[in-house]
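Asker: Each chain, written out:
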Amino acid sequence: MDEVTVPLRSQGPWRLGLAQLRRNTGAMASLLVLVVVVLACLLAPLYASAVAHTDPFASNISGTTVVGGATVPVLAASDTGLGLGVTPIGPTWDPAHYFLGSDNQGRDVMARLLYGGRDSLLIGFAAALLCCVAATVVGVLAGYFGGVLDAVLARVLDVLWAFPVYLLAICLSVVLLTEGVTIGPVTIGAGSLWLPVLIIALVYVPYVARPLRGQVLALKEKEFVAAAVGVGASDLRIMRRDVLPNVLPTVVVFLPLMTALAMLTESALSFLSVGVQPPQASWGTIINDGLGLLYTRPAVSIAPGIAIALTAVALNIFGDGIRDALDPRARLRGTA
Amino acid sequence: MTRPWRGPAVTGPIPRRLRAVAVAAALCLAVTTGCSSGSGADTATGATGSVAFQPQHQGGDLKLLAKSAAGTLDPQVNYTLQYWQLYQALYDGLLAFKKVDGQDSFTVVPDLAEALPTVTDDGKTYTFTLRKGVKFSNGADVTVDDVAASFKRIFTVSSPTAGTFYNGIVGAAACLATPTACDLSTGVVVDKASGKIVIHLVAADPELPYKLAVPHASILPAGSPAKDAGNAPLPTTGPYSVGSYDPNTALKLVRNPHYTEWSHDAQPQGYSDTITESFGLTVEAAVTAVENNQADWVFDPPPADRLNEIGTTYAKQVHVNPLTAMFYLAMNTRLAPFDNVKVRQAINFAVDRAAAVKLYGGTNLAAPVCTFLPPNFPGHVDDCQYTAGGGTTWTAPDLAKAKQLIQESGTAGMEVGIVTQDDEVNKSIGEYLQSLLTQLGYKATLKPISANIQFTYIQNTSNKVQISLTSWYQDYPAASDFLNVLASCASFTPGSDSSINIAGFCDKTVDAQMQDALLTERTDPAAANAKWAQVDKAVMAQAPIAPLFTPKIVDLVSSRVGNYQFSKQFYMLVSQLWTK
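Same order as they appear, the protein sequences are chains A and B. Numbering-wise, the first sequence is residues 1 to 336 according to our numbering. Numbering-wise, the second sequence is residues 1 to 580 according to our numbering.
What the hints contain is simulated information worked out from the structure, not anything from laboratory work. These figures come from a predicted structure and were not determined experimentally. Honestly, I wouldn't trust all of these hints.
Unchecked claim - In silico lysine to aspartate or glutamate, EDC-like type, Cα no more than 20 Å apart, as pairs:
1) Lys-220(A) - Asp-235(A)
2) Lys-342(B) - Asp-352(B)
3) Lys-552(B) - Asp-55(A)
4) Lys-196(B) - Asp-141(B)
5) Lys-443(B) - Asp-55(A)
6) Lys-443(B) - Asp-79(A)
7) Lys-403(B) - Glu-415(B)
8) Lys-403(B) - Asp-352(B)
9) Lys-316(B) - Asp-79(A)
10) Lys-464(B) - Glu-179(A)
11) Lys-227(B) - Asp-145(B)
12) Lys-196(B) - Asp-61(B)
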C-alpha cells in the first residue's frame with residue numbers, strides 16, 4: 001500500500017491557544033457567565049420598558065406598585081410605634097413590579113442593576129483596552145529605542161507607579177469631575193462616562209507597560225530581530241512585524257485581567273461618589289445608593305455587590321485561561 | 001437627616017433704623033421675652049416652667065456620643081449646635097435664654113446680670129448691674145472688667161457674629177476694621193464700684209437681648225487670650241467646667257467647684273457628676289450603643305434605616321421635637337435660568353414637598369412649608385402661593401402650571417447645576433430635584449459636596465451656583481433672623497464665602513418693608529410680626545427660594561436617662577438629664 005503523505009499544516013500560536021482555551025472548562029464556564037451578564041445588561045432597556053414599565057433614572061417617591069394584587073406605595077411610611085422613617089419596598093420577585101425592590105428614590109433596583117451593569121462593563125472594558133493600547137505603545141517604544149526615550153518614559157511610569165492606584169484615581173476624579181477635561185480638540189464633559197475611563201486607564205498604564213518593556217528588551221536581543229536589522233529593515237517595520245506580534249499574546253492575557261481591575265476601580269470610585277455621576281448608574285453607585293438602607297433593604301447594595309463579584313471572578317478565571325492557553329510555559333511553571 | 005449646624009456669620013451689617021422710640025418699650029419683646037421697664041425687675045425667679053432641682057437624682061456619669069468633634073472650644077468663636085448645646089452648662093452671658101422645656105425657653109432672663117437691663121436714650125443705651133458672688137471655675141470672681149474684656153474679645157477673636165450681632169455697639173465699626181486695635185471703652189462702659197455695665201449702641205436694637213444670650217456673648221476672664229483658644233478650655237461660670245478635651249477622642253465636663261446656683265431659670269444646677277462626649281463612632285454604631293445602654297445619647301441624627309427601629313422598639317426612649325428651621329432651595333436670582341422670576345415660581349409650583357418630607361424621614365419628622373418663616377415662629381402666617389388648587393397650606397405640586405411658566409420663560413433645555421451636601425438625606429433630595437428638573441426640560445446635573453464646605457461654597461458668587469439645597473436654623477426667635485438675614489440686600493456680598501443671602505435677592509421695596517418691620521418691633525411686636533408676615537408674602541411672590549419643609553429633631557436616649565427637657569432655643573438640655 002502506498003504511503004500517503006499528508007502535508008503538515010502549521011498551526012499558529014493563536015489557533016493552538018484557542019484550542020487549548022476550549023479544553024479549559026473553568027475558562028469556558030466563566031466565559032458563559034460573562035456572556036450571560038453582558039447580554040442581560042444589553043437588554044436593560046427592553047426589561048425597563050417592556051417588563052418593569054419603569055424609568056430607572058427618574059425618582060418615583062410618591063409612586064405606587066402592585067404586590068399580590070394590592071396597590072402599595074413604593075416608599076412606605078412607618079405606621080407602627082412613633083411612625084418614624086420611610087422604607088422602600090423590598091424584593092417582590094415579580095419581574096413586572098420591583099423584582100429586587102426599590103431604592104430610596106422609588107426606582108426599580110433590578111432595572112438600575114441592568115443599566116448600571118452596562119456602564120460598569122463599558123467603563124471596565126474601555127478603560128482596560130485604552131490602558132493596554134497606551135501601555136503597549138509606551139512599552140514597545142521605551143524597550144525598543146532605549147536610551148533617553150526609555151529613561152524618560154521609565155521615569156514617568158515610575159512616578160505614576162509611586163502613587164497608590166486608588167489615591168491617584170480619586171485625586172484625578174475629584175479634580176476632573178467638576179469641570180471635565182480638554183485634551184487637544186477633544187473635550188470630555190464633567191459628567192461623561194469617558195472621564196472615569198480615561199482616569200482608570202491612566203492609573204493602570206505602568207502596571208502593563210513595565211512588563212511589556214522588559215519583554216521588548218529581551219526580544220531586541222533575539223536573532224530574528226538582529227537578522228531584520230541586518231537586512232536593513234526599518235525600526236517601524238521591525239516593531240510592527242517582529243516585536244509587536246511577540247508581545248501581543250501578553251497584552252491579550254492582560255486584557256481580561258485589567259478589565260476586572262478597571263471594573264473594580266470604577267465601582268470603588270462610584271461608591272465614593274467620584275466615578276459615574278447621577279442620574280447615570282453603575283454597580284458602584286447602586287451600592288452607594290443602598291448604604292443608607294443596609295438595615296432595612298440590604299438587597300439594594302447586595303445585588304450589585306454580587307454582580308461585581310461574579311463578573312470580576314469570571315473575568316479573572318477567563319484571563320487565567322487565556323494566559324494558560326497563550327503561554328504554556330507559564331502553565332508549566334504554575335504546575336511545577 | 002442633616003446635622004443641624006448653626007448658620008454662619010453674615011459679613012455685611014444688618015441695617016437698623018436709627019429713629020428713636022420710647023425707652024421702656026424698646027426692650028419689650030413682648031411675644032417671647034420678659035419685658036423690663038426702667039426699673040429692671042428680675043424675672044428670674046418663680047417663673048413658670050421651671051422644675052426645682054431634685055437632689056436624689058444627682059450624680060453619675062452621662063455618656064454622650066458624636067461622630068466627630070466640633071472644632072474649637074472657644075465659646076466666642078465656635079458656631080455649631082453641637083457645642084452651643086454643651087455651652088449651656090458651661091458659660092453664661094449677662095442674659096440667657098430660660099433653660100426650661102417648651103415655648104418658655106425662648107424667654108430671655110437675667111443671668112450674670114442681676115436683672116434685665118434698663119433701656120434709655122431712645123433704645124440706644126442698655127444698663128446692667130453685675131450679679132455679685134459669681135466665680136469662674138478657676139476661683140476668680142466675675143467682675144465688670146471681665147465683662148468689658150469679653151465684649152472687646154468678641155472683636156479681637158473675630159467672632160463669627162461680631163459683624164452682625166454686635167456691630168451696633170459704639171466703637172464696633174473700628175474694632176471690625178482693626179480687631180487687634182479694638183477699643184470698646186466708649187461702647188461698653190463699666191463701673192467697678194457700683195457693678196454697672198452700660199452698653200451704648202449707635203442705633204436702637206430691640207433684638208440686642210437675644211444677642212446677649214447666645215454663647216458668643218459669654219463672659220470670660222479678662223486675661224483670656226486675644227485669639228481663638230482652640231482646644232484649650234477657658235474658665236467657666238456654669239455648673240460644669242471642661243475637665244479634658246481631645247478632638248480625636250472626647251470632651252469631658254466635670255463639676256465646677258466654684259458654682260452655686262444663682263438663678264434656676266438662667267443656669268440651673270446639673271445632675272450628672274461628669275458629662276463625657278466621645279467622638280469617633282459611626283452614627284450607626286452610636287445608635288446601637290445607646291440602644292444597648294452603653295451610651296446615653298447621640299448628637300448626630302439617627303440614620304434613615306434606623307428610624308423605624310427606634311420608633312418602635314425604643315419608642316419610650318425617643319423624643320421628637322419640631323424645630324424653628326427650614327430646608328429650602330436657594331435659586332440664584334443673578335444667574336440664568338433663575339434670573340427669570342417665572343422659572344423660580346415654576347420650581348416652587350413643581351417641587352413635591354411631600355416627596356422631600358418622605359426623603360427626610362416621613363410626615364412625623366417634617367412638615368411641608370410654603371413660607372419663609374417656619375410655623376409657630378414670630379411673624380409666621382399660613383400662606384401658600386405655590387400649591388395645586390390654591391389655599392393657605394401646601395397640598396400638592398402643580399406640574400402643569402410649572403411647565404407652562406417654563407415654556408413662557410423660554411429657558412427649557414438650559415443646563416442647571418444643583419449643589420447639595422453629600423450626606424444621605426441632602427443627596428437624595430438633590431437626586432429628586434435632578435429628576436424633577438429633567439422632567440421640566442432642563443439638563444440637570446447634581447454636585448454633592450462635603451457638608452464642611454457646601455454652605456460656604458454656595459454663598460460665594462464666584463462659584464456660579466445656580467440652585468442649591470440648604471437649611472437655616474434660627475439663632476434667636478425673631479422674624480428678622482430669617483427674612484432680614486436671608487433676603488435683605490445687605491446680606492448679599494458678591495465674591496464672599498459669607499454672603500448668606502444665597503439667592504442674591506435684593507429688592508429695595510422689600511428691603512424698605514423690612515426696615516419698617518424692624519422699626520415697629522421696638523414699639524409694637526405684634527404689629528411688627530404682622531408686617532413681617534407681609535414681607536414674607538412679598539419675598540415669596542418673587543420666589544428667590546423654594547421652602548421645602550420644616551424639620552423635627554429626634555433625640556434617642558438610653559433607658560436609664562430621665563428628666564429630658566427640650567429648649568426650643570438650644571435643644572435638649574444636657575445638664576438636666578439624670579442617670580440615677
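Asker: Evaluate each hint against the coordinates.
Answerer: Verification of the supplied hints:
1. For the suggested pair Lys-220(A) and Asp-235(A), the alpha carbons sit about 11 Å apart, so the restraint of at most 20 Å is met.
2. A threshold of 20 Å between alpha carbons decides the hint, and for Lys-342(B) with Asp-352(B) the separation of about 18 Å falls inside it, so the pair holds.
3. Our distance criterion of 20 Å between C-alpha atoms is broken by Lys-552(B) and Asp-55(A), whose separation comes to about 32 Å.
4. Note on Lys-196(B) and Asp-141(B): the hinted pairing holds, with a Cα-Cα distance of about 16 Å set against a maximum of 20 Å.
5. In summary, the hint linking Lys-443(B) to Asp-55(A) is supported, as the alpha carbons are separated by about 17 Å, within the 20 Å threshold.
6. With a C-alpha separation of about 37 Å, the suggested pairing of Lys-443(B) with Asp-79(A) is violated against the 20 Å cut-off.
7. Pair hint Lys-403(B) plus Glu-415(B) holds up; C-alpha atoms about 16 Å apart against a cutoff of 20 Å.
8. At roughly 14 Å between alpha-carbon atoms, Lys-403(B) and Asp-352(B) fall within 20 Å of each other, so this suggested pair holds.
9. For the proposed pair Lys-316(B) and Asp-79(A), the alpha carbon gap of about 16 Å is at most 20 Å, so the pair holds.
10. Proximity of Lys-464(B) to Glu-179(A) is assessed by CA-CA distance (about 13 Å); at most 20 Å being required, the pair is judged to hold.
11. Taken as a hint, the Lys-227(B) and Asp-145(B) pair is honoured in the structure, with Cα atoms around 18 Å apart against an allowance of 20 Å.
12. Taking the CA atoms of Lys-196(B) and Asp-61(B), the gap is near 39 Å; set against the 20 Å cutoff, the hint is violated.
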